[in-house]
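Chemist: Here are the chains, one letter per residue:
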Amino acid sequence: MIETSIDRHRILIVGGSGGVGKTSVSAALGLAAAREGHRTLVLTIDPARRLAAALGLEGIGPEAEDVTPRLKAGGIPVSGELHAMMLDVRNTLDRAVERHAPNAQRKDQILNNRLYQNIAGRLSGSQEYAAMQQLQEIASLAEFDRIILDTPPTTQAMDFLTAPERLQAFFDSNLIRIFMNFSGRAGRGFFRVTDVLFRTLERLTGAQVIREITEFFEVAESILEPFSAQAARARRLLREQQTAFVIVTGANPHQLEEASEFAGALDAMGIGVSNVVVNRWLPALEETAPELPDSIENSKLAERVRYWHAALERLAHRQTEAIKALEAQDGAGVVRVPEMSGAVDSLSGLGELSDRLRTTTSPSSTEAR
Amino acid sequence: MPPLCQPVRGRVNPLSDELFEPELGAVFDRRFLFVTGKGGVGKSLISAALAARAADRGERTLWVEMSESPRGGHFFTGFKPRYQLAPVRDSLWGMNLRVQPAIEEYLAVAFKIPFVTRLIARNTLFQVLTGALPGLDSLIPLGKIWYELGRRRGGKPYWDRVVLDAPSTGHALAMLRFPQAAQDIVKSGNVADRAREIETILGDRSGTGLVAVTTLDELPVDETCELLERVHDETPYRFEAIVCNEVLPDIGQAEKPRYHEWLAGNPDDELDDSLEGAGDKARSHLAWLERRRCSQQARLRRLSANEVPMFHAPWIPAADEAELLGAMIDVLKDQR
Numbered sequence: 001m002i003e004t005s006i007d008r009h010r011i012l013i014v015g016g017s018g019g020v021g022k023t024s025v026s027a028a029l030g031l032a033a034a035r036e037g038h039r040t041l042v043l044t045i046d047p048a049r050r051l052a053a054a055l056g057l058e059g060i061g062p063e064a065e066d067v068t069p070r071l072k073a074g075g076i077p078v079s080g081e082l083h084a085m086m087l088d089v090r091n092t093l094d095r096a097v098e099r100h101a102p103n104a105q106r107k108d109q110i111l112n113n114r115l116y117q118n119i120a121g122r123l124s125g126s127q128e129y130a131a132m133q134q135l136q137e138i139a140s141l142a143e144f145d146r147i148i149l150d151t152p153p154t155t156q157a158m159d160f161l162t163a164p165e166r167l168q169a170f171f172d173s174n175l176i177r178i179f180m181n182f183s184g185r186a187g188r189g190f191f192r193v194t195d196v197l198f199r200t201l202e203r204l205t206g207a208q209v210i211r212e213i214t215e216f217f218e219v220a221e222s223i224l225e226p227f228s229a230q231a232a233r234a235r236r237l238l239r240e241q242q243t244a245f246v247i248v249t250g251a252n253p254h255q256l257e258e259a260s261e262f263a264g265a266l267d268a269m270g271i272g273v274s275n276v277v278v279n280r281w282l283p284a285l286e287e288t289a290p291e292l293p294d295s296i297e298n299s300k301l302a303e304r305v306r307y308w309h310a311a312l313e314r315l316a317h318r319q320t321e322a323i324k325a326l327e328a329q330d331g332a333g334v335v336r337v338p339e340m341s342g343a344v345d346s347l348s349g350l351g352e353l354s355d356r357l358r359t360t361t362s363p364s365s366t367e368a369r
Numbered sequence: 370m371p372p373l374c375q376p377v378r379g380r381v382n383p384l385s386d387e388l389f390e391p392e393l394g395a396v397f398d399r400r401f402l403f404v405t406g407k408g409g410v411g412k413s414l415i416s417a418a419l420a421a422r423a424a425d426r427g428e429r430t431l432w433v434e435m436s437e438s439p440r441g442g443h444f445f446t447g448f449k450p451r452y453q454l455a456p457v458r459d460s461l462w463g464m465n466l467r468v469q470p471a472i473e474e475y476l477a478v479a480f481k482i483p484f485v486t487r488l489i490a491r492n493t494l495f496q497v498l499t500g501a502l503p504g505l506d507s508l509i510p511l512g513k514i515w516y517e518l519g520r521r522r523g524g525k526p527y528w529d530r531v532v533l534d535a536p537s538t539g540h541a542l543a544m545l546r547f548p549q550a551a552q553d554i555v556k557s558g559n560v561a562d563r564a565r566e567i568e569t570i571l572g573d574r575s576g577t578g579l580v581a582v583t584t585l586d587e588l589p590v591d592e593t594c595e596l597l598e599r600v601h602d603e604t605p606y607r608f609e610a611i612v613c614n615e616v617l618p619d620i621g622q623a624e625k626p627r628y629h630e631w632l633a634g635n636p637d638d639e640l641d642d643s644l645e646g647a648g649d650k651a652r653s654h655l656a657w658l659e660r661r662r663c664s665q666q667a668r669l670r671r672l673s674a675n676e677v678p679m680f681h682a683p684w685i686p687a688a689d690e691a692e693l694l695g696a697m698i699d700v701l702k703d704q705r
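Protein chains in written order, with the working numbering: chain X, 1 to 369; chain L, 370 to 705.
So that you can see chain X by itself, here it is in the shape it has in the complex:
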């Protein structure tokens, strides 16, 4: 089922809430695409030590690194290529400033501004903005024919989509004009709204901070337009036919509910969802779950084994029910990845996860071996 998505879309964006295994799934998707013969890039933003470890790297840098030879050495030959790259938020924003600044002086003024240095990479939405920008830069080149983007590790899946807009709202707001007026201090009068505002702010933070913000906006104004244009292009890229989301979720009912809401929200925004990957799903073994005793008889090993077998089965049933409900209501292809595969911290683990993504979803074929 994943093969179909890889076949149809050039860009796959892997989204979902924190702690569900987005980074591992991104790497496995990249591997699957490389196995299909594509020249593939996995772009990640996580510290991603596990991804690096899985690929046999010390770490992943801001330059695309070809890991194909390592795959071959590790016994996972691919007909295409797999490259991995780590997003450097600060560096991406700096490059945007360099590109958009009208002249060298403006560029230096921005890059050296203390507020910019504090803001870059920290302001809510800047990680996501940088991820989108980098994605768009790479997509506009012909270098890779498949691109997998591992989204930033936010707790809420929706943050990734709203973040660039939040950042843009920040730059678009009347705020900047208010600060510009303030810096001129022309026509200051006691009853003017902006003056009331600034007296309040000065009481809050002291005058120094306000001066620095004002300076920042003075220099930032010159690059706002190209910045906004870029953000708008990035948003269009999300809606193009070549792009689709792969949502990764845990298998418990509330996680599946959240994933379903996320898929609905993407759909409403005109963004395609190709798959929902239910990660770490515990397959049930029997038709009905055994009764769970109230407490464990601590004395006998057999009692404990009986209890924990029953507990695992009951959990498995709850998860399976919830997944079935999702499958029934959701158009996007649901892919179940059983819990049994263990941690993805080696090439073989990654290969296994990629296999599991590629095999179809009928429960019988994905049950624990």
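Don't read these hints as lab results, they were simulated from the structure.
Each hint should be verified, as a subset may be incorrect.
What the hints assert, rightly or not - Some chain L residues close to chain X (C-beta under 8 Å, calculated; not the full set):
no.: 1; residue: 428
no.: 2; residue: 542
no.: 3; residue: 624
no.: 4; residue: 650
What the hints assert, rightly or not - From the structure, some residues in chain L lie toward chain X, with a derived Cβ separation under 10 Å:
no.: 5; residue: 440
no.: 6; residue: 526
no.: 7; residue: 527
no.: 8; residue: 584
Said to hold, decoys possible - With a cut-off of at most 16 Å between alpha-carbon atoms, the simulated EDC-like pairs for lysine to aspartate or glutamate come out as follows:
no.: 9; chain 1: X; residue 1: 300; chain 2: L; residue 2: 638
no.: 10; chain 1: X; residue 1: 300; chain 2: L; residue 2: 641
no.: 11; chain 1: L; residue 1: 625; chain 2: X; residue 2: 303
no.: 12; chain 1: X; residue 1: 300; chain 2: L; residue 2: 624
no.: 13; chain 1: X; residue 1: 300; chain 2: L; residue 2: 398
no.: 14; chain 1: L; residue 1: 625; chain 2: L; residue 2: 615
no.: 15; chain 1: L; residue 1: 650; chain 2: X; residue 2: 94
no.: 16; chain 1: X; residue 1: 107; chain 2: X; residue 2: 221
no.: 17; chain 1: X; residue 1: 72; chain 2: X; residue 2: 36
no.: 18; chain 1: X; residue 1: 300; chain 2: L; residue 2: 619
no.: 19; chain 1: L; residue 1: 513; chain 2: L; residue 2: 553
no.: 20; chain 1: L; residue 1: 650; chain 2: X; residue 2: 287
no.: 21; chain 1: L; residue 1: 449; chain 2: L; residue 2: 690
no.: 22; chain 1: L; residue 1: 702; chain 2: L; residue 2: 474
no.: 23; chain 1: L; residue 1: 702; chain 2: L; residue 2: 473
no.: 24; chain 1: L; residue 1: 702; chain 2: L; residue 2: 398
no.: 25; chain 1: X; residue 1: 300; chain 2: L; residue 2: 639
no.: 26; chain 1: X; residue 1: 300; chain 2: L; residue 2: 637
no.: 27; chain 1: X; residue 1: 107; chain 2: X; residue 2: 215
no.: 28; chain 1: X; residue 1: 324; chain 2: X; residue 2: 257
no.: 29; chain 1: L; residue 1: 513; chain 2: L; residue 2: 474
no.: 30; chain 1: L; residue 1: 525; chain 2: L; residue 2: 428
This one's a predicted model, so the numbers in the text were calculated from it and none came from an experiment.
Glycine is no exception: its CB is placed at the ideal position from the N, C-alpha and C atoms.
Guided by the hints, dock chain L onto chain X, whose structure is given.
Modeler: Relative to chain X, chain L alone:
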């Protein structure tokens, strides 16, 4: 089948046996609990259980979430988290401390000029200030906590206990660093005063307990170690306890060799019977559980190097959040 438990590499902390004692340290002696952790590790669950446990003992308790999509309604049936305090159950109140209404309230109280309040709140001015002063967006919510901690009724504190489900690690670090950083940047003004007050609260080890929640997976353990190290290096504050969530059961216990042999495929009539015919697949589920437990144990040792008391919250095989919470409250009942 690979060996179930790999030998543990690296130095084992000599204190580790003591630290492995599953205990919450002095957490329940602290009136204000600041609970943080990586996203997805069960931070909300643990903070809600701590709060509900305190309330069940009759303490007047406030549980505070700080989330765009609060979980309170999943944990407590019928409860709708909002900025306004609302009763959750006996002795327990809850709120969702969002930055925006906190700012509006703060400005209205501090400056008594609601018009400006609205103006500031409506546009994104506050984001600018936050950019200039990282952590400011947490300061004002903490100011609300400070206010609640200071409330009194009939000569006694209004709340016996306040439990904050704080933001996840990165944001929490900015929050904890802020009182210091703010005083370096902002010498005067209301923010500087407020920063000093917050610093007093966070620095009061007899009244405030910082709690880190983690699962024993690789990335959360890495992130927790980093958080503890950075809080230690960059702030004057110290963690009271690490709560390890989803700690898997030691099914083998004293009979581990027998259990492991059976998991590895050796027949054992009594244990085979206990599966009631579910057979090899059931055994492979249990073997998976045991393998994960072993890798958890290795990471426990890594965490113990932080020399902070560690509490083991067991893995609860439930999928429903209210059920999870109920079971977790039971677990905490044995703690003082």
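Chemist: Confirm or reject each hint.
Modeler: How the hints compare with the structure:
The interface hint given for residue 428 (chain L) is broken, as the beta carbon of that residue sits about 28 Å from the closest beta carbon of chain X, more than 8 Å. Hint status for residue 542 (chain L): violated, given a least beta-carbon distance of 12 Å to chain X, over 8 Å. Interface hint at residue 624 (chain L): satisfied, since its Cβ lies 5 Å from the closest Cβ of chain X, which is below the 8 Å cut-off. Taking 8 Å as the C-beta contact cut-off toward chain X, the hint placing residue 650 (chain L) at the interface holds, the least distance being around 5 Å.
The criterion of a C-beta within 10 Å of any C-beta in chain X is met by residue 440 (chain L), whose closest approach is roughly 8 Å, and the hint holds. With a least beta-carbon distance of about 28 Å to chain X, the hint placing residue 526 (chain L) at the interface is violated under the 10 Å criterion. Interface restraint check: residue 527 (chain L) against chain X, minimum CB-CB distance 27 Å, threshold 10 Å, status violated. Here the hint on residue 584 (chain L) is kept, as its CB sits about 8 Å from the closest CB of chain X, short of 10 Å.
Only pairs whose Cα atoms come within 16 Å are accepted, and residue 300 (chain X) paired with residue 638 (chain L) is accepted, the gap being roughly 14 Å. Taking the CA atoms of residue 300 (chain X) and residue 641 (chain L), the gap is near 14 Å; set against the 16 Å cutoff, the hint holds. Among the hinted pairs, residue 625 (chain L) with residue 303 (chain X) is consistent with the structure: their alpha-carbon atoms are about 14 Å apart, no more than 16 Å. The straight-line distance between the Cα atoms of residue 300 (chain X) and residue 624 (chain L) is roughly 9 Å, inside the 16 Å bound, and the hint therefore holds.
Restraint check: the Cα-Cα separation between residue 300 (chain X) and residue 398 (chain L) comes to about 37 Å, which exceeds 16 Å; the hinted pair is violated. This hinted pair does not check out: residue 625 (chain L) and residue 615 (chain L) have alpha carbons roughly 21 Å apart, beyond 16 Å. With a C-alpha separation of about 54 Å, the suggested pairing of residue 650 (chain L) with residue 94 (chain X) is violated against the 16 Å cut-off. Note on residue 107 (chain X) and residue 221 (chain X): the hinted pairing holds, with a Cα-Cα distance of about 12 Å set against a maximum of 16 Å.
Between residue 72 (chain X) and residue 36 (chain X) the CA atoms are separated by roughly 15 Å; this keeps the pair inside 16 Å, and the hint holds. The suggested pairing of residue 300 (chain X) with residue 619 (chain L) holds, with an alpha-carbon distance near 13 Å, which does not exceed 16 Å. For a cut-off of 16 Å, the pair hint linking residue 513 (chain L) to residue 553 (chain L) is broken: about 22 Å separates their Cα positions. Distance check on the hinted pair: residue 650 (chain L) and residue 287 (chain X) sit about 14 Å apart at the alpha-carbon level, within 16 Å; holds.
Annotation: proposed proximity of residue 449 (chain L) to residue 690 (chain L) holds, straight-line Cα distance about 15 Å (limit 16 Å). Taking the CA atoms of residue 702 (chain L) and residue 474 (chain L), the gap is about 37 Å. The hint is violated against a cut of 16 Å. With a CA separation close to 39 Å, the supplied pair residue 702 (chain L) and residue 473 (chain L) exceeds the 16 Å bound. Between residue 702 (chain L) and residue 398 (chain L) the CA atoms are separated by roughly 15 Å; this keeps the pair inside 16 Å, and the hint holds.
Taking the CA atoms of residue 300 (chain X) and residue 639 (chain L), the gap is near 10 Å; set against the 16 Å cutoff, the hint holds. Note on residue 300 (chain X) and residue 637 (chain L): the hinted pairing holds, with a Cα-Cα distance of about 14 Å set against a maximum of 16 Å. The hinted pair formed by residue 107 (chain X) and residue 215 (chain X) meets the criterion: a straight-line CA distance of about 14 Å does not exceed 16 Å. Between the alpha carbons of residue 324 (chain X) and residue 257 (chain X) the distance comes to roughly 12 Å, so the proposed pair stays at or under 16 Å and holds.
Taken as a hint, the residue 513 (chain L) and residue 474 (chain L) pair is honoured in the structure, with Cα atoms around 9 Å apart against an allowance of 16 Å. For the proposed pair residue 525 (chain L) and residue 428 (chain L), the alpha carbon gap of about 13 Å is at most 16 Å, so the pair holds.
Of the hints listed earlier, those the structure fails to meet are numbers 1, 2, 6, 7, 13, 14, 15, 19, 22, 23, in rising order.
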